[in-house]
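Spelled out, the chains give:
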Amino acid sequence: MPSSSLLDKAAKSKYMDLKTFGITQAMYIWVDGSGQSLRCKTRSLDKEIKEISDLPMWNFDGSSTGQAEGSNSDCFLKPCAMFNDPFRGAPNKLVLCEVLSYKMEAVETNHRQTCAGVMNQVKEDHPWFGMEQEYTLLDVDGHPFGWPKQGFPGPQGPYYCAVGTGNVYGREVVEAHYRACIYAGITISGTNAEVMPAQWEFQVGPCEGIKMGDHLWMARFLLHRVCEDFGVVASFDPKPMNGDWNGAGCHCNYSTEKMRLPGGFDEINNAVEKLSKRHNYHIQAYDPQGGKDNMRRLTGLHETSSIFDFSSGVANRQASIRIPRHVGEEKCGYLEDRRPSSNCDPYTVTEVIARTTILNEEGDVVLKLNC
Amino acid sequence: MPSSALLDKAAKSKYMDLETNGITQAMYIWIDGSGESMRCKTRSLDNEPKDISELPMWNFDGSSTGQAEGSNSDCFLKPCAMFNDPFRGAPNKLILCEVLNYKMEAVETNHRKTCKEVMSQVKEDHPWFGMEQEYTLLDVDGHPFGWPKQGFPGPQGPYYCAVGTGNVYGREVVEAHYKACIYAGITISGTNAEVMPAQWEFQVGPCEGIKMGDHLWMARFLLHRVCEDFGVVASFDPKPMNGDWNGAGCHCNYSTEKMRLPGGFDEINNAVEKLSKRHNYHIQAYDPQGGKDNMRRLTGLHETSSIFDFSSGVANRQASIRIPRHVGEEKCGYLEDRRPSSNCDPYTVTEVIARTTILNEEGDVVLKLNC
Chain A
224 MPSSSLLDKA AKSKYMDLKT FGITQAMYIW VDGSGQSLRC KTRSLDKEIK EISDLPMWNF
284 DGSSTGQAEG SNSDCFLKPC AMFNDPFRGA PNKLVLCEVL SYKMEAVETN HRQTCAGVMN
344 QVKEDHPWFG MEQEYTLLDV DGHPFGWPKQ GFPGPQGPYY CAVGTGNVYG REVVEAHYRA
404 CIYAGITISG TNAEVMPAQW EFQVGPCEGI KMGDHLWMAR FLLHRVCEDF GVVASFDPKP
464 MNGDWNGAGC HCNYSTEKMR LPGGFDEINN AVEKLSKRHN YHIQAYDPQG GKDNMRRLTG
524 LHETSSIFDF SSGVANRQAS IRIPRHVGEE KCGYLEDRRP SSNCDPYTVT EVIARTTILN
584 EEGDVVLKLN C
Chain B
14 MPSSALLDKA AKSKYMDLET NGITQAMYIW IDGSGESMRC KTRSLDNEPK DISELPMWNF
74 DGSSTGQAEG SNSDCFLKPC AMFNDPFRGA PNKLILCEVL NYKMEAVETN HRKTCKEVMS
134 QVKEDHPWFG MEQEYTLLDV DGHPFGWPKQ GFPGPQGPYY CAVGTGNVYG REVVEAHYKA
194 CIYAGITISG TNAEVMPAQW EFQVGPCEGI KMGDHLWMAR FLLHRVCEDF GVVASFDPKP
254 MNGDWNGAGC HCNYSTEKMR LPGGFDEINN AVEKLSKRHN YHIQAYDPQG GKDNMRRLTG
314 LHETSSIFDF SSGVANRQAS IRIPRHVGEE KCGYLEDRRP SSNCDPYTVT EVIARTTILN
374 EEGDVVLKLN C
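Protein sequences appear in the order of chains A and B. Each residue of the first sequence is one higher than the one before, counting from 224 in this note's numbering. Each residue of the second sequence is one higher than the one before, counting from 14 in this note's numbering.
I should point out that these hints are in silico values taken from the structure, not numbers from a laboratory. It cannot be assumed that every hint is accurate.
Simulated pairs of lysine-lysine, DSS-like, Cα-Cα distance not exceeding 27 Å [claimed, not checked]:
| id | chain 1 | residue 1 | chain 2 | residue 2 |
| --- | --- | --- | --- | --- |
| 1 | A | Lys237 | B | Lys27 |
| 2 | B | Lys290 | B | Lys344 |
| 3 | B | Lys290 | A | Lys235 |
| 4 | B | Lys27 | A | Lys242 |
| 5 | A | Lys235 | B | Lys25 |
Over 10 Å on every C-beta distance to chain A, these chain B residues come out as not near it, computed from the model [to be verified]:
| id | residue |
| --- | --- |
| 6 | Thr33 |
| 7 | Asn72 |
| 8 | Ser133 |
| 9 | Glu185 |
| 10 | Phe243 |
| 11 | Leu274 |
| 12 | Asn329 |
Quick reminder that beta carbons are idealized off the backbone N, C-alpha and C, glycines included.
Using the sequences plus the hints, can you model the full thing?
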């Protein structure tokens, strides 16, 4: 039985109601050296925080998170986006940060810096993103939550958007997370149970520019933190179960202002054309292992396209890019890039989409999937 | 199952809401004969004390706390610092006390008295301290909380500042303690999960002079009392687990006014120079066993320096004294003495730092680490 959920929530609640006399707790949150895990620590501030500029720079021991050597271990935390804290309540804050080295340069897994640079260049095009974050709930033994121990539930079919005992596993976590996101100020647009039992999805967006990455990373943090309270684990692995079980992705819906205006369908097709010429460049950016994670998911089965081939089509869930049916009819709207892995870095994903379709960068790469 | 956690919190809560008709409960708290454990007892007062001077002297049976003989057992409690009581609520108080013997002299483990005298001598230098208190949560069987029984979790790496089930053990305790400290009026500046699972840290400061010891001891009392509500144990042992597991320290951040002003870097370097000449004198003061406790922790591994050698460096977490990176850049600020053990007496630590760096006392000692 995992530890946090062993401790009595009633015992804690009276402490959480104590007056705080104008002290604000600010929890600084960052992406660690793995490029997938998040870390956090808290500081007290003796004033109310109204905006991000009220928050000071901070630092941490990068040698403990795979981001620095022990002999020269200070890394800096630069506050970038602020949210309400659903765990500690008002006026406390959650602060998403960029990590900088001792030379004040972006560390290896700080992909926000270049993303913000690109989003600044393309701001007149008003790029909007909406990302569909899939994930799997696991029990502390690593087996999907609710699955029979040392066993499997019945085959996929009844679980997608389901209701009823035995059809959905872990709805409590999803409900709590949705409310936490709303309170925090994250643009969470929806949620649904997914095809594999214990797999769920939430959608964040539409977010313009850099906000997509900020809101999605913070939503992931909230999920991990909510899961602590329930004693389950949220996994962003793109293929948690081998066999006839769906993987998990993070489809990226995308549009520019031109695409959204009447007649924007041409602009959408232009974008698809540009994307088709840089398939490998995008694949490399769509998971933290340069494509090796997505190798396990993008097989061409289970509503995925093959990792090796680019394809697109209206209402086609087996394509790399799907144009929603209603967009095909209204002749304007957005496209859905179905390639990003559930554990992708949203800063990287949104950056490469902007580079290819707005900055018109060209040229493809060779995928290095062995080793 | 530990007893306090067995008793129904709901049963207690209706009593805690009863009117108190102007009676204040004052809990007197002191350090016992071990120099590490704390004791407490409560008296009723018929007004709310507004100032420490309104609190009367009290006494207790020192033969029950290793502080006096049975035949002449009265020890005196002299109120020194007052805090709000987060357990009983307003207007009740927690009173940190000095212990005096029947001759009104400081008992052996009352290190506050000499500390206060030194702080009085150096008050024009405005010495500020901030101490980083590390501790380990244990289950009632003595094994770290959340660890598999008769076993170990995965190796260190994922736990520092972590989020998520399986990555953090015992966050409820930490959240409750932080709020309790804020309510009590302790200058708690932050908290984070530490490198070893079930190990945590909170920081108290900046505090000037004698307040460092007062606030840290009271914060420790609050931690033990909060842990009662959850049925877990807070251990301040500096090396609770042998093997490839971090120990627990109480790093002391320190500055004088001169160090904080522009150009203060020279003053910091002077202080480091003076400290380098009295390494053993400080080591002896940095745990309650004259160095024998720290012997188990300061090995040169696990982000510690060796107990035998003095070293210092900018951003170097393997040195005795670390100068933070930003201090090296801004050329003023503070230094971090990483040598004190988690179970140190903060009065002793702050006193010897002031003696060496402000009173310029000289001369070192020989460590007696065997026997």
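Violated hints, by number in ascending order, as checked against the structure: 3, 9, 10 and 12
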